[in-house]
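S.K.: Residue numbers (this note's numbering), protein chains in the order written: chain E, 1 to 506; chain Z, 1 to 171.
Hints were generated in silico from the structure; no laboratory data involved.
Treat the hints loosely; a few may be bogus.
To be verified - Here are the simulated DSS-like pairs of lysine-lysine, each with C-alpha atoms no more than 30 Å apart in a straight line:
#: 1; chain 1: Z; residue 1: Lys162; chain 2: E; residue 2: Lys192
#: 2; chain 1: E; residue 1: Lys192; chain 2: Z; residue 2: Lys142
#: 3; chain 1: E; residue 1: Lys207; chain 2: Z; residue 2: Lys162
#: 4; chain 1: E; residue 1: Lys192; chain 2: Z; residue 2: Lys116
#: 5; chain 1: Z; residue 1: Lys155; chain 2: E; residue 2: Lys192
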Amino acid sequence: MSQKIKKILIANRGEIAIRIVRACRDLKIKSVAVFSDTDRTAFHVRLADQAYHIGPSPSSESYLVHDKIIDAAKRSGADAIHPGYGFLAENAAFAQRCEDEGIIFIGPKPETITLLGDKLQAREAAMKAGLPVVPGATIEQDDLASAAAEAEKVGYPILIKAAAGGGGKGMRVVETPDEFAEGLQRASSEAKNAFGDGRVFIERYLKRPRHIEIQILCDRHGHYLHLGERECSIQRRHQKVIEEAPSPVMTPELRERMGAAAVSIARQTGYIGAGTCEFMVSRDLEFFFLEVNTRLQVEHPVTELVTGLDLVREQIAIAEDRPLSFRQEDVVMKGHAIECRIYAEDPQNGFVPSTGRLTNYRIPAGPGVRVDSGVVTSNEIPIYYDPMIAKLCTWGQNREEAIDRMKRALREYRVSGVETTIGFHQTIMDNVKFTAGDLSTSFLAEEYPDNDYTRINDYLARSAAIAAALDKFSRERKIASLTDQEASKWKVVHRKAHLRGMGGTD
Amino acid sequence: MAHYLVTVDGREYDIEIEYQQLRYEVVINGEQAIVQAYDLDETRRLLLIDDFSHEVDIRSNCLGNSRMVFMQGRDIQLDVEDFSLAQLRKTAGISSGPAIESVLKAPMPGLVLEVKVSPGDRIKKGQPLIIIEAMKMENVIKAPADVVITEIPAKVGDSVEKGDALVEFEV
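Looking at chain Z on its own, in the form it has when it is part of the complex (with noise of 0.2 Å):
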């Protein structure tokens, strides 16, 4: 038996489940659900829960216990964590959203048009950091926080990848 505890909108589930033979016992937030699993491909699976049909794509490229879920038309983003980890994380009054990374990626493959930022500015959160060019789109990247620049390992003119660091920072 696994017991998790799954946040999704601002809702939680708590969720026990239980392998029998072909299908699973659930129990969520204390009702009884039998799901029937039938993988379409890598990240697609039918499920049957009670009955109901669901076509769900999980996409397996989240890190963690982060997962997005696509159903019904609809983009889902759940973090599903183990129950007693994350009642020792509630005790100790950690909230659960992803931790603030120290270095900002770059989100797109893209051309670098202008560094807005030098080695020591103290940043406002939303201020300008670097500005890029993707598709013909010049596109502003924002401090996620109030931070302090640390490093900035691109330069006006690099031709950036898809998760090249642009900008190192302190939060």
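Isolated chain E (complex conformation) (with noise of 0.2 Å):
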């Protein structure tokens, strides 16, 4: 029986609950935030229905904790939770809460999340379901010598990866087997620190693959379908910075044969809602199943505005025990659309968070640019949350068309009081390499081995040493520059000594 969802309380902050705010305003549904000390005045509790205080600015103290996320939720009458990602957007036994205290969780099954959230019984579900898998094994991590023998037999250079993983966070490239048991220990202490389980396996680390993942979305109803493929190649330390659909390389062949592949474990493991099929692809195009998020995608924008479908609206209605409203031939990928991930780090300073009050930000507008932005101006960038600020989208008729439009959204945005990563994307976008759509996984490290993304044209190096000579100019003479109620001030102040020296008695 579907039922109607009349409120949602959004367990998360930032773009996404904005996401989500939006498309439930746009459902005539009410929203629901939360907030920390720290976001009292955050955006997304200026944009929500309803809003409750869930504690310290720690997110263990406060988006982390189940019985405040409830407590929220049943206070608000809440009928369904929407958990974005991160968070507690993968945790099983927050789904599990909720459907025990009669709340809807918008996304799969907890019984899913557990299985797919495990790495390795995620690898045995895809080979079960026939998937292509990466030569991996698993390993007795007390036992350095027996575990140092499986990556012997795994092949040189292997991939250590926390079973608990995702986000880069507890991943490790190790070349050679005498940097086996550091990297061992790396991960593993990683690992323990970010998910609280230190285990690990190895896997065989494929050379300059491109990071390919298939959307899917799947009803109570048994129907089963995907959405086409977003390209994520552009990674910097395993994580995403830009993503695309469609991939570069993609033929219609291939995209059946991955699509289906993607459908074929969602109907293994029962999945319900909207998640992603990862998958690695080598420079011969041979795909390897890599894992699957049981969540909303950080970088879904660039798949709504190929298909045109708004992916949160189908989350709800599947939710809703709606059946899907279209079919798989009904999905259609129009033009090109692209996404860079604006982050408030410093690319100058290795890329670490930059935290402060935005005391100016504007956004880009116009034709085929879409903003998913957590944060407006005069807004603290806190250290306690991952410091990306907005999703910077383009959509054109083309790859070309979509990189043009992203230069000149660029070169739009302004955002003063923090460091950002605007310029890095800049750069990228400028970059041949890029531009020919020959992408990797290793491409920045490639392209860019001194993390020096400021090689600059004559013009706008010109310019710029113009710009950076009468900034010194100016402080140390104090000019101020001139606005134009003082320009014409001055203009007064000049007429009269003009007048003064034509009269001149003296």
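Relying on the hints, combine the two individually framed chains into one complex.
M.R.: Following this line, the structure appears as structure tokens:
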């Protein structure tokens, strides 16, 4: 029986909370925000219909506390909870708790989250569903000698990955056997810190692979669809920074095979809701199963831009037990979309998080531009959370137009108060390998080994030199550059002096 | 009139500036340019360089001669020196690059997970010194040059703020 959702509590913050508020408003569903101390006046709190304070700034004392979220849901009378991504989005215990409390969790079933959240179990499920997987092995972490032997069998270079992992945390590339012990210890301790679970496994490390993922959408009535691919090969420290759809190397035939593979693991696991099946793709376009993310992805807007669908709306419809309103053959990708993740990070300083107050914040607009921003002017960028402040997406008839529009939009974007990755993205948009679509997950490491994203042309260098020299000049001489009003005052003073000179009586 | 030497991305510009009622007369590498400047806020300015519009953001938190300019969506790092001082420096054969400080400071707030060196250690450039956890990522702080460790103010388990001294050394 379908059940109309009337009010959704959003267990998240930043741009994704706002994304969900917007979907709710479009659907005439009331939205409930939650906020920590530091987020009291955050943008998501201002836009939602209701807002509940849930504690101190650290997420472990607010956004991650099941009791507080459930309590806010009950007090507000919300009949569903949308977890966004991150925080509780892939927490099976929380999904179960919602079910137990009679609140709809907008996401897959708790047992699906558990199964696919464990990379080892997910790998087994993928193999059962007939998906190709990268050669790999589980290891006895306490027995270094046997673990090292397993690593030799898989073949170097290898990748050590956290069983409970995601987002690049607890992941280490080991090039040679003598780096194995150190890599194992590092990956395991990082995994323990990030996920409270130090178990790791190893995989063959593919050279210069592409990361291509398939968006899936499954209802409770046995319909399993895919919405085509996203290429997310531009990564820094295993974190995606630029995504696009379609992939520059995709063919209809490959899309059909990868789509079928994603659908078959969804079917195998009885998947419900929106999810993403990630693949690694070799230089000769062989694909291997990586993992399934049981949530809405950060980069979902590029799929929305090329398919015309609203993924959050679809998630809500599925949660209401309604069958999908379209079939596989209705899904058509039109044009090309690119997303640049704008982080409050300092590219000149090893991309360390940059915190502070946004003294000025202006987002780009115009044809083909979509900005999902989590912040507005005067917001504080806190140290407690992920430093992504916005997602800038552009759409074009083709990839070239999408890139040109991205360059235009990056040029309009202005942020004062914190350092951002806008300049970094502009550099990438000008990179000839990027514009040629020659991508791989080692793109940044290969193209920018010194992390230097400041190469510029003569015209820009000359203009910047003038700007910098003028800055020093006016600071030293305390010449404020003039506003129009001051300028007219100067004219009056000048004219007076001039007249005085003319009528000189001395 | 003022005379500067600006270095940007390996290029040098000899720039003379004169302020003439409402506008700047600039001579850059022998070519004349007329510039109008309007302040938009503390860091942003609108420049019309020979009527070409540039909205620039000049980061003023840079110390001394170095400037960070953001324009046309690009981050641009520059050095601005007094021309005569730059000439003196060049005759003395000193490079304009920033001197390596003898204190390594925390680049971000975080938790000290591991200290990989001890006072007295001779460390090669790029060798790991200290590991800091920030935003759930482990960040390895490496030696900026070949150094000898003198003191280590940071201890394992310390919560450090951005700019706190972590490791002191001699180059």
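S.K.: Next, verify each hint and record whether it holds.
M.R.: Results for each hint:
Proposed proximity of Lys162(Z) and Lys192(E) is supported: the alpha carbons are some 25 Å apart, at most 30 Å. Note on Lys192(E) and Lys142(Z): the hinted pairing holds, with a Cα-Cα distance of about 23 Å set against a maximum of 30 Å. At roughly 36 Å between alpha-carbon atoms, Lys207(E) and Lys162(Z) are farther apart than 30 Å, so this suggested pair is violated. Of the pairs offered as hints, the one joining Lys192(E) and Lys116(Z) holds, with about 20 Å between alpha carbons and a cut-off of 30 Å not exceeded.
Distance hint between Lys155(Z) and Lys192(E) is fulfilled; the C-alpha atoms sit about 21 Å from each other, no more than 30 Å.
In this structure, only the earlier hint numbered 3 is contradicted, and the remaining ones agree with it.
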